[in-house]
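*Asks:* Each chain, letter by letter, is given below.
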Amino acid sequence: TAAPAQEVTLKMHQFLPPQASAPTKVLMPWAERIEAASDGRIKIDHYPAMQLGGKPPELASQVVDGVADIIWTVAGYTPGRFPQAEVFELPFMMTNAEDTSRAFWEYAEANMMDSDFADMKILGVWVHGPGLFHSRKPIEQLSDLNGMKVRGPTRIITGMLGELGATPVGMPVPALPESLSKGVIDAAVVPWEVTQALKIAELVDYHTAFGDEALYTTAFIFAMNKQKFDSLPDDLKAVIDANSGADLSALAGRMMAEADGPALEIAVDRGNTIFDVPPEQVAEWKAAAANVEANWIAEMNEKGFDGQALVDQARALIAKHSQ
Amino acid sequence: MGKLFLALARGMAVLGGIVLGLLVLLTCLSVAGRVLNTALHGETAQSLFPGLAERLLDWGVGPILGDFELVEAGMAFTIFAFLPLCQIAGAHASVDIFTARLPGRARRALEAVIEWVFAAVLVLIAWQLWLGLLAKMRYNETTYLLQFPIWWAYAASLFAAVVAALTGVWVALARLVESVSGRVILHSDTGPEA
Amino acid sequence: MSDLAIGLVSFPVLLGLIFLRVPIGLAMFVMALGGLYAITDGTAMALSRLKNEPFSTFSSYSLSIVPMFLLMGHFATLGGMSQALFKAAEAWLGHRKGGVAMAAVGACAGFGAICGSSLATAATMGQVALPELRRQGYAGGFSTATLAAGGTLGILIPPSVILVIYAILTEQNIAKLFLSAVVPGVLAAVGYMITIAIYVRLNPGAAQHREALPLRLRMRALADVWPVLLVFLLVVGGIYMGWFTPTEGAAVGAFGTGVIALLNGGLTRVRLMQAFYATARNSAMIFFIVLGAALYNGFLALSQVPQELSAWVVGQGMSPWAVLACILALYLVFGCLMDSLSMILLTIPIFFPIISVLDFGLTAEETAIWFGILVLIVVEVGLITPPVGMNLFVINSMDPQTRILDTYKAVLPFVISDIVRVMILVAAPGITLFLMRLMH
Ligand code: NA
Ligand code: NA
Chain G
1 TAAPAQEVTL KMHQFLPPQA SAPTKVLMPW AERIEAASDG RIKIDHYPAM QLGGKPPELA
61 SQVVDGVADI IWTVAGYTPG RFPQAEVFEL PFMMTNAEDT SRAFWEYAEA NMMDSDFADM
121 KILGVWVHGP GLFHSRKPIE QLSDLNGMKV RGPTRIITGM LGELGATPVG MPVPALPESL
181 SKGVIDAAVV PWEVTQALKI AELVDYHTAF GDEALYTTAF IFAMNKQKFD SLPDDLKAVI
241 DANSGADLSA LAGRMMAEAD GPALEIAVDR GNTIFDVPPE QVAEWKAAAA NVEANWIAEM
301 NEKGFDGQAL VDQARALIAK HSQ
Chain L
1001 MGKLFLALAR GMAVLGGIVL GLLVLLTCLS VAGRVLNTAL HGETAQSLFP GLAERLLDWG
1061 VGPILGDFEL VEAGMAFTIF AFLPLCQIAG AHASVDIFTA RLPGRARRAL EAVIEWVFAA
1121 VLVLIAWQLW LGLLAKMRYN ETTYLLQFPI WWAYAASLFA AVVAALTGVW VALARLVESV
1181 SGRVILHSDT GPEA
Chain U
2001 MSDLAIGLVS FPVLLGLIFL RVPIGLAMFV MALGGLYAIT DGTAMALSRL KNEPFSTFSS
2061 YSLSIVPMFL LMGHFATLGG MSQALFKAAE AWLGHRKGGV AMAAVGACAG FGAICGSSLA
2121 TAATMGQVAL PELRRQGYAG GFSTATLAAG GTLGILIPPS VILVIYAILT EQNIAKLFLS
2181 AVVPGVLAAV GYMITIAIYV RLNPGAAQHR EALPLRLRMR ALADVWPVLL VFLLVVGGIY
2241 MGWFTPTEGA AVGAFGTGVI ALLNGGLTRV RLMQAFYATA RNSAMIFFIV LGAALYNGFL
2301 ALSQVPQELS AWVVGQGMSP WAVLACILAL YLVFGCLMDS LSMILLTIPI FFPIISVLDF
2361 GLTAEETAIW FGILVLIVVE VGLITPPVGM NLFVINSMDP QTRILDTYKA VLPFVISDIV
2421 RVMILVAAPG ITLFLMRLMH
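Protein chains in written order, with the working numbering: chain G, 1 to 323; chain L, 1001 to 1194; chain U, 2001 to 2440.
In case anyone wonders, no lab produced these hints; they're calculated from the structure. We treat Cβ as the ideally placed atom computed from N, Cα and C, and that holds for glycine. Treat the hints with care, as some may be off.
[Said to hold, decoys possible] Which chain G residues stay away from chain U? Per the calculated CB distances, all over 10 Å, these:
| hint | residue |
| --- | --- |
| 1 | Gln51 |
| 2 | Glu178 |
| 3 | Val268 |
| 4 | Ala288 |
| 5 | Ile297 |
| 6 | Leu317 |
| 7 | Lys320 |
[What the hints assert, rightly or not] Here are the computed distance ranges between Cβ atoms for each label pair:
| hint | chain 1 | residue 1 | chain 2 | residue 2 | range |
| --- | --- | --- | --- | --- | --- |
| 8 | U | Glu2211 | L | Arg1183 | 28 to 38 Å |
| 9 | U | Ser2002 | G | Gln308 | 14 to 24 Å |
| 10 | G | Lys303 | L | Ile1185 | 31 to 41 Å |
[Claimed, not checked] Negatives, chain L to chain U, calculated, CB over 10 Å:
| hint | residue |
| --- | --- |
| 11 | Lys1003 |
| 12 | Phe1005 |
| 13 | Ser1047 |
| 14 | Glu1054 |
| 15 | Trp1059 |
| 16 | Ile1125 |
| 17 | Gly1132 |
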């Protein structure tokens, strides 16, 4: 069923609509680079918004089973499946998205390729820009969170919200805008970039960021079906390898963070209040969230990993790439 | 045999109905807890009876942790448990414009073929659900908040899916006998008793 | 055969299977597996999708509103609430020609204001209103068609799941879309009532007729509706006050009607079992169709049929209005075969960029919102167009005495009323947009 010029067609499946920043700024440009570098011998069909079927948590299984050839997903959509990736989601772990993503790739190569990622061909791993609070009532002090119903995206972040004194609410993303607009929840944590697609700036009046620090981030996985990759001729494998890895991860992290800017502007234009927690108060937040890291280390130790070593390694790699 | 399968299918429907009822209760309790939690944090409660409000909050008055994921897991079992009765009662939506005019024998043969395809599909679903369960087990996937293994929910659904597959095969067998002998075994009764 | 050809051929084959009385869900399921097998040259992908998709479809949080509202409807009937509601409706409207059917449409519109799903609206109001319509001597096909059409108000009157999805896909403002849907939604309800009035004048046998009741009896009938009002206010009020999400509202409604049925002595063990059996049959039927549609749409996306069709439309170099007409007509055709949510997910990413570059004399935002409402309506029409109209199946399955063909016949006037409304809204975008313009 292939046209004469192209030898192989790859189905790229992901959960966001095609206009979102990750597909337009990272995934589609990557596909175009691959098509160009292979002289059109590889063609990549993009299926956004789960068009091939299933719910977002199934993407990881889909790429292993070959339902899709390439997927982009959130590691935390399948809690327990990529335990070592969670280290980058720990509170105040990330610095900036580009450096943290480069560190993430190096960490993944050192620890995850034969375990968490054993059944897939990993093309890139990255994180988004700093996550922050978007709320209907102002959050300036830690105590303001007391009694607030806050929605978090993954289990680590939901756990952190509980430690900070909020009432964490686990809720599917599609329910988020409506719940926020009606006050079923008081606040949500997402990066700026996501607020644009979900219209969050129109639904809340307050945003709370942490200056140069980052409350949290989310780990993403960009992967290919292993058998499909192995079935390619060597020169096409080389094309994919040359466009994947540390540089792709760092670039993707940077592009995701750059998409924060326009979304921030929308909130500013609308006259929303954007509060930056002053540096001397950030320590108080860090102390309140410290248990999340301790709990994670204990959990990982139980699973047979050296939790403390993983945390130290992640910190060291981020520091190294932030130079 | 027919009575046994009807009793089995009804039993599954009641089991699914009970789980559905529990999910309704759970959701209502969670809503009540969340509304109360907000009220207790509110200015009225904090100024009128601050001590009681604090004590209630300390007791954990609030939404039930993981209510959404419990509804999702329970709902999967419920729907799988509802399938056998739908199958045996012939309650699946279909269009009978043309087949209504077919002679009786041809129509019964057609129905038998359709039921065999349906039985095959139900067996396929149960079989693949089993493979899905194995994968969830292998990758240690859990839910977000309660972090119970997802394969538990798959296992409950698999039990119901196997009953649905068995019922599908029984219905197909009955239709085959009907089309050969002309005897009526299954009544496509969708009234209140079925 | 190319993938595209396989996808195109699948339409008539699917239709053929459905006309051979293959259950709709099963037909789509089998076509999806067969199509995936043909496209991917093997069974691996078709089978792999079944590992997770049936479970994830059945465990969908947003769909869990369906069995909860079905259960609520059964409890409401057991508690005598549907009787009370229709006594009141009949008391006030029953002496008019087709008055009870009009009351059913009004009740659907009211329910649509609390529920974002057309299927749930059709299913719930079907449970409540269908037995009453039949008891009052309304013809079977006319009763089922009225409720199937009335059920579509669940989507059109905000809140609406479809509009939220559209807003997210096209990056439009949800509140403005909801606001713009209000007038077309009210027009739909009014249009259906006019349709009913015309229908019963052309078919005098379809509805019974009686004298008007004295005011005293009308007021007493109204007073008996208080349990319905109580639950309704709790569910509607709770959703709008932000006490809970629509799915949680369904749970609260099921709980509330259950308590009332228990207090009224209507909830015996035997009747509870029967409520479970009926909920089981209808829920399983609906979810199996949703599963079939999900698999079939995944196959269609892979065959590139929707993508190629839209490319062809753009390639014709027609005027903006002709392109819009083609797209809306295409939705009507798709709507005869597919489920609405999947249809939106599949086609909006393709059609929206086309529409947004065309000049209709509106601002970019106005065009996007106007197009969203138009798509919403034609998608909603798809729910009641034969042969594959989900609302038709849901309601028809609740009345074993009525053949689907009778429902098909009786629903055509409602479809015509929908198409007339679409034409009016296309010709005069201001009807859709004036509320939004007024707010700014
Ligand atoms: Na609605
Ligand atoms: Na239709």
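*Asks:* Are all C-beta atoms of chain U more than 10 Å from that of glycine 1132 of chain L?
*Replies:* violated, 4 Å
*Asks:* Could you let me know if the closest chain U CB is still more than 10 Å away from the CB of lysine 320 of chain G?
*Replies:* The claim holds: lysine 320 of chain G sits with its nearest Cβ about 38 Å from chain U, beyond 10 Å.
*Asks:* Are all C-beta atoms of chain U more than 10 Å from that of isoleucine 297 of chain G?
*Replies:* Isoleucine 297 of chain G clear of chain U: closest Cβ-Cβ about 32 Å, beyond 10 Å.
*Asks:* Could you let me know if the closest chain U CB is still more than 10 Å away from the CB of glutamate 178 of chain G?
*Replies:* violated, 6 Å
*Asks:* Just want to verify: lysine 1003 of chain L was marked as not at the interface with chain U; is every Cβ pair farther apart than 10 Å?
*Replies:* holds, 16 Å
*Asks:* Against chain U, does phenylalanine 1005 of chain L hold up as non-interface, every C-beta pair farther apart than 10 Å?
*Replies:* At about 15 Å from chain U, phenylalanine 1005 of chain L clears the 10 Å cut-off, so the statement holds.
*Asks:* Is the Cβ of alanine 288 of chain G more than 10 Å away from each Cβ in chain U?
*Replies:* holds, 28 Å
*Asks:* So is valine 268 of chain G really clear of chain U, every C-beta pair being over 10 Å apart?
*Replies:* Correct as stated: the minimum Cβ-Cβ distance to chain U is 17 Å, above 10 Å.
*Asks:* Taking 31 to 41 Å as the stated bounds, is the beta-carbon spacing between lysine 303 of chain G and isoleucine 1185 of chain L within them?
*Replies:* Cβ of lysine 303 of chain G to Cβ of isoleucine 1185 of chain L: about 54 Å, so the range 31 to 41 Å is violated.
*Asks:* Taking the minimum C-beta separation from tryptophan 1059 of chain L to chain U, is that value above 10 Å?
*Replies:* Given a closest Cβ separation of 21 Å, the condition holds.
*Asks:* Report holds if the minimum CB distance from glutamine 51 of chain G to chain U is greater than 10 Å, and violated otherwise.
*Replies:* Violated: least Cβ distance 4 Å, not greater than 10 Å.
*Asks:* Taking 10 Å as the cut and beta carbons as the points, is glutamate 1054 of chain L off the interface with chain U?
*Replies:* Since the minimum Cβ distance to chain U is about 23 Å, glutamate 1054 of chain L lies beyond 10 Å and the statement holds.
When held up to the earlier numbered hints, the structure conflicts with 1, 2, 8, 9, 10, 16, 17 and fits the remainder.
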